[in-house]
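These protein sequence lines map, in sequence, to chains G and W.
Each residue of the first sequence is one higher than the one before, counting from 1 in my numbering.
Each residue of the second sequence is one higher than the one before, counting from 1 in my numbering.
Keep in mind the hints are simulated off the structure, nothing from the lab.
Some clues are possibly wrong.
Unchecked claim - Listed below are the simulated PhoX-like cross-link pairs for lysine-lysine, each with C-alpha atoms no more than 25 Å apart in a straight line: (1) Lys242(G) with Lys331(W); (2) Lys76(W) with Lys331(G); (3) Lys331(W) with Lys76(W).
What the hints assert, rightly or not - Covered stretches of chain G, as calculated for chain W (at least 3 residues, CB under 8 Å): (4) 203-217; (5) 232-241.
All residues carry an ideal CB built from backbone N, CA and C; glycine is no exception.
The lines below spell out each chain.
There are 2 protein chains.
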Amino acid sequence: MEKTEPQLLTESRDYAFSQDGDDSLLLDCGQTLHDVSLRYECAGTLNADRSNAILITHALSGDAHCCGRHSAGDPKPGWWDEMIGPGKYIDTNCYFVVCSNVIGGCSGSTGPRSINPATGRRYNMDFPVITIADMVRAQHRLMEFLGIDCWLAVVGGSMGGMQVLEWSVMYPNEVRGAVPIATTAQLSSQSIAFDWVGREAIQYDVNWQNGDYEDKIPDRGLSTARMLAHITYLSDESMAQKFGRNLQDSEEYGFNFSRDFAVESYLEHQGRRFVERFDANSYCFITRAMDYFDMADRAGGDLAAALAPATADFLIVSFSSDWLFPTSQSKDIANALLKNQRNVSFCEIESSYGHDAFLLEVDALGTMIRGFLDNQSKEGAK
Amino acid sequence: MEKTEPQLLTESRDYAFSQDGDDSLLLDCGQTLHDVSLRYECAGTLNADRSNAILITHALSGDAHCCGRHSAGDPKPGWWDEMIGPGKYIDTNCYFVVCSNVIGGCSGSTGPRSINPATGRRYNMDFPVITIADMVRAQHRLMEFLGIDCWLAVVGGSMGGMQVLEWSVMYPNEVRGAVPIATTAQLSSQSIAFDWVGREAIQYDVNWQNGDYEDKIPDRGLSTARMLAHITYLSDESMAQKFGRNLQDSEEYGFNFSRDFAVESYLEHQGRRFVERFDANSYCFITRAMDYFDMADRAGGDLAAALAPATADFLIVSFSSDWLFPTSQSKDIANALLKNQRNVSFCEIESSYGHDAFLLEVDALGTMIRGFLDNQSKEGAK
């Protein structure tokens, strides 16, 4: 692809629900969250008939900054900048792209570190346990605020894909295309188990203090949780290729417990970087939302019945070496939709990158998404 | 199998190297360990020509108590009691079975919680970093002490299988049969990564105190490490079958962070039970020994060349759903041995139990081991 397009500049905005007169959000747990606010970013231009809007839904540790840079000198673009931008696979010259940080997050939207209006102090563990559906409800308020009647597509990977599925069922008339990537219709027992261990590591950290930390953050617990999760994002194969049994700084074993292997050094680096940008309480709340995610549950375990309200066209993508959300789980979604006689394209992309492939296999994935969006646009223009 | 055999009673014994005049063990790291002692157990009777001795090598959290009960009322038999005993697959009416707790362990053999003769205090993290080969060297001293010239077979699963491989190469003339089960010739990058995260959890525990804990043990860190490891011992499939998304005490989500799912409750139970019987420092040293395990390393990465000294007959067994030490890794061992024109039987047992299958698929595995031992005995009698 030619890279002659001008640099895309994006900016964060905050949408306070109170701007529309109702600051509240009723949650699945039965509680009502007040003073709700969403951090979001937009790129591209909404067309006259408001038919070119695409919602990007982010994964566990993602945020609203999906593309572009915040200033000309900004060294770090948004997390999916290779996918989204002028002339890119999700082309901001054609589409109006919206992405918001999920509630429960720690990147500007209302979450456990926000101030509880009832107490004047941070929610921390008093924050209500949210669900993926709650995240989508909040995004729907933003959609109304932006004056968008229908998304051309909702596109997201991993936890973003869970939001795509919820969107397709909760607001079927407002979603024309749905692109769930490297995701599942329900979190497996194994994934719930990994989440549990990660949260245990956080909540065992002496600095965690039942969530009421300020200066001394539970960095070591959060780092451990991240390192563990990171292993599940890679594949045995990609780890063998990238690190194998390579030693970090020496030709010989150190016969100690410091970072001896390259993979240990890599994990430690990932853990350390993560605690600089992510909050431990948010990590707990967002993984819990994923644990509770089970599309089929609303129909007594019948996924096809649960997905029956969805009318969108679907593009479902999985990756061959993804063992966190394996291809079989994407096929379950595709088969349930086919049972409902929906338009479904399904593709497994060959990749050794494991779950991370949804962020790394940009060309293979992007080509498919571009084709799908082209078709959706043409269908809409008919 | 008929269960008319009398109950097998076994007892723990200690072999202090000093009984043979040399209390020391030279280790791979270059250090010498003094005042070394091994806890071991025997079952069955050594025959007149001392040709019926079988060494059982245990896995990470195992110990010398592989079969029988310590007293008539003992509620808990040895860890492989279904496999080993009078009339069982490894029949103590025919064979003399020996099993010793590895050095570095916490069940009676010299390990990090032993007293360092140089200081009069526990070694803790001053204990030398040991290797699988060091464990085998110590077992060889026990073999000499017991007056055994050659093992009819060395049999072990997981880390026990690593010891089997070392035995076959380090003491080829003293091993007639080798049975490495659910194991690997080298720890993979992914496994090293899991071990790293487990040790991080232990060493981050405030009670760990750089290994110098006494009354307040790092139970939460060790529990987290165990829970994580436990996930790798199961399979996605077995977890789905055993727990699925079942809730523990309720029909509905608790919308909190307590044990909500059955799998969370199970893991917590496993973690809690483990800290009652295992030591955190031992966990660090033994996992490090596994990290360093790489049979091919001694021959520049050529596994066949590394295994060339081995003259034993091999029975290699893997389990279809074991993703910790997958079948491909057992096949690598088999292929390397076949390249050396050794007698190799290889079998993958179909099982959904994951790595744990080596302890659970007793009948399928036992039938194979019994046949192999029968053949080895006949070969020896020729």
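When you check the alpha-carbon spacing of Lys331(W) and Lys76(W), does it fall within 25 Å?
It is violated: about 35 Å lies between the C-alpha atoms, which goes past 25 Å.
Given coverage of the segment 203-217 of chain G by chain W, tested with a Cβ cutoff of 8 Å and a minimum of 3 residues:
holds (count 4)
Straight-line alpha-carbon gap Lys76(W) to Lys331(G), limit 25 Å:
45 Å, violated
With a cut-off of 25 Å on the C-alpha distance, tell me whether Lys242(G) and Lys331(W) pass.
Distance of about 22 Å is within 25 Å: holds.
Holds or violated: the segment 232-241 of chain G covered by chain W, criterion of 3 or more residues with Cβ-Cβ distance under 8 Å?
holds (count 4)
Going through the hint list in order, the structure does not satisfy hints 2, 3.
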